[in-house]
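Chemist: Here's the letter readout for the chains.
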Amino acid sequence: MKFMLDIVTVTAISAGAFFFLAGTVGLLRFPDTLTRLHALTKADNLGLGLVVLGLLPHAGSLRGGFKLVCVWLLALLAGATVSQLIARAALASEGSGSFTVDGPQP
Amino acid sequence: MSAATIFGLCAAVIVGLGLYGLIVNPQPLRKIVAFNLLGSGVFLLFGVVARKGAAAGFGGDPVPQAMVITGVVVAFSATALAVGLLLRLFAAGGLATLEPDAPTRAGTEHADS
Amino acid sequence: MTIASALEMALAAVVLGMAIWTVVARDSFAAVVGFVAYGLLLALVWVRLDAVDVALVEAAISGGLGGVLLLGAAARTAAAESRPPAEHPAVRAAAALLAAAVAAALAATVFLLPDPAPTLAPAAAANAASTGLGNPVTNVLMAFRAMDTLLEKVVLLLALVGLWSLARDRFWGGHPGPRHRADPHGTLAFLARLLPPIGVVVGVYVLWAGANHPGGAFQGGTILAAMWLLALMAGLTDTPAISSRRLRLVLVAGPSVFLAVGLGGLCFGAAFLAYPAAYAKPLIVGIEIAMTLTIAATLGLLLVGAPERSAE
Chain A
13 MKFMLDIVTV TAISAGAFFF LAGTVGLLRF PDTLTRLHAL TKADNLGLGL
63 VVLGLLPHAG SLRGGFKLVC VWLLALLAGA TVSQLIARAA LASEGSGSFT
113 VDGPQP
Chain B
87 MSAATIFGLC AAVIVGLGLY GLIVNPQPLR KIVAFNLLGS GVFLLFGVVA
137 RKGAAAGFGG DPVPQAMVIT GVVVAFSATA LAVGLLLRLF AAGGLATLEP
187 DAPTRAGTEH ADS
Chain C
6 MTIASALEMA LAAVVLGMAI WTVVARDSFA AVVGFVAYGL LLALVWVRLD
56 AVDVALVEAA ISGGLGGVLL LGAAARTAAA ESRPPAEHPA VRAAAALLAA
106 AVAAALAATV FLLPDPAPTL APAAAANAAS TGLGNPVTNV LMAFRAMDTL
156 LEKVVLLLAL VGLWSLARDR FWGGHPGPRH RADPHGTLAF LARLLPPIGV
206 VVGVYVLWAG ANHPGGAFQG GTILAAMWLL ALMAGLTDTP AISSRRLRLV
256 LVAGPSVFLA VGLGGLCFGA AFLAYPAAYA KPLIVGIEIA MTLTIAATLG
306 LLLVGAPERS AE
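Going down the list, the protein sequences come from chains A, B and C.
Residue numbers are given in the numbering used here: position 31 of the first sequence equals residue 43, and the series is strictly consecutive.
Residue numbers are given in the numbering used here: position 21 of the second sequence equals residue 107, and the series is strictly consecutive.
Residue numbers are given in the numbering used here: position 4 of the third sequence equals residue 9, and the series is strictly consecutive.
It should be emphasised that the hints constitute simulated quantities derived from the structure, not laboratory data.
Quick caveat, the model's predicted, so the values are computed rather than measured.
Don't take each hint at face value.
Claimed, not checked - Computed spacing ranges between beta-carbons, pair by pair: (1) C:Trp-26 with A:Asp-44: 18 to 28 Å; (2) C:Leu-102 with A:Leu-74: 57 to 67 Å; (3) A:Asp-44 with C:Leu-76: 19 to 29 Å; (4) A:Leu-58 with C:Ala-316: 44 to 54 Å; (5) A:Ala-87 with C:Ile-25: 22 to 32 Å; (6) B:Ser-88 with C:Ala-109: 16 to 26 Å; (7) A:Thr-47 with C:Ala-109: 43 to 53 Å.
Unchecked claim - Quick look at which bits of chain C chain B covers, simulated, 3 or more residues with Cβ under 8 Å: (8) 31-44; (9) 50-59; (10) 98-107; (11) 150-162.
Yeah, the Cβ is synthetic: ideal placement off N, Cα and C, and Gly gets one too.
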């Protein structure tokens, strides 16, 4: 039973680390602010969620696990709102020249 | 190599970096940031000393840790005052630099202190 | 070479990389962002050094509030970022030599630290029963070195007074900072309505749990200050006028309560700041509550700066 829990932990945390790596690669390789934000938020929310999932079996008590899930939810909230704000600022400053809400125009 | 030694060497390098940045960077804001870097390196050295003093079931000596907490708060308040001075310099002269003969922007106020 | 020391070396390398970036980055904004990331990684280093209270303080004050302060300053002075000529190469070389010498001397000291290290931990453990608190760092801050904490409160107030004195004469007594206006149905206002209740609960919990677990008045007060700043930045509330009597009462509440308890110890007890054994824990908790309010108000006001609008 403990062995199974350890397998779950290692798998989930490795998957989470892979998502963080993917998000970082996206941050470094994508061309502009909006696409970089996309890579970061998708990868970080899912990556953090998988890491939290992997840590839940070792949380020790129900309250500890609940606190871990709250950390993930707060990170989701902060990430979502801050991405919105950064995206609006980026649109305002870089101009809507090549991007509209319908997608990149030719 | 124990954690204390690794982070002690790290702290020594950070102190050197902060000192270099403080002397070499010409802009006041960068000097403030380098000063904070220097301070955090010194606090890290305190932490290493605290870690070496682990005894009586504690992970570290609590007295240096308490002093570091006090130090971080005081350093932050000093930074806030320094940034206030920088912003006031900027508002009064239009430039954020310590050069004595830098031209000031037209239209900024000098007389209204 | 255990896995733990390999991870610690990797962490130290990343921290050093961020420190180097902070010093050599060309753009001030980039350097400040690097400094914030450095502060948050340093919190992890503190956890590895078994100093969780310090990690909380480092992440909250240096990474969080310090980041807001420096980012705001970088944004406001970005327009005037003059590119002054870099220092003469001889000055740079001399500075590099000096920095290397200091770093080498400190590194040598690290290796020369005495190995059965002198420590006050047994003394702290032996006297812990006099206050009944479980967290040794809180014991040291509030009981064994309470004088330092009291004087630190006063230093915070002095920094605030120094900051206020930078206001223009006609704005003295007015509201610090600009009046922020965000779209009341927008994202920032949404966050500023949703997060502060959660943040206040977390801040009060960190204060309360500081008695027996890592936490305390500084960490809790910083979280409360951050929530207040969020509401300010979204325009949901305005900064109080600095001539307001209520604000000044809140600001002096912490040091006054501390000082009153200290003088009480002088009159009724053994010495200044001596707590009677029976009432030690309630007195300490009372002082911490007053301190948290003062710390929250002071840190928030240190961030918003000098008055820029008159009191009307």
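Chemist: Against this structure, judge whether each hint is valid.
Modeler: These are the hints, each one checked on the structure:
Taking 18 to 28 Å as the suggested C-beta distance range, the pair C:Trp-26 and A:Asp-44 conforms, at roughly 22 Å. Between C:Leu-102 and A:Leu-74 the beta carbon distance is about 58 Å. The supplied range of 57 to 67 Å therefore holds. With their beta carbons about 21 Å apart, A:Asp-44 and C:Leu-76 fall inside the hinted range of 19 to 29 Å. The beta-carbon spacing between A:Leu-58 and C:Ala-316, approximately 50 Å, falls within the hinted interval of 44 to 54 Å.
At about 28 Å, the CB distance of A:Ala-87 to C:Ile-25 agrees with the hint of 22 to 32 Å. Separated by about 20 Å at the C-beta atoms, B:Ser-88 and C:Ala-109 satisfy the suggested range of 16 to 26 Å. Taking 43 to 53 Å as the suggested C-beta distance range, the pair A:Thr-47 and C:Ala-109 conforms, at roughly 45 Å. Note: the stretch 31-44 of chain C has 6 residues with beta-carbon separation from chain B under 8 Å; the three-residue rule is met and the coverage holds.
A stretch counts as covered by a chain when three or more of its residues have a beta carbon under 8 Å from one of that chain; for the stretch 50-59 of chain C and chain B the count is 8, and the coverage holds. By the rule of at least three residues with a Cβ nearer than 8 Å to a Cβ of chain B, the coverage given for the stretch 98-107 of chain C holds, with 6 such residues. Counting residues of the stretch 150-162 of chain C whose CB lies closer than 8 Å to any CB of chain B gives 6, so the stated coverage by that chain holds, three being the minimum.
The structure shown violates none of the earlier numbered hints.
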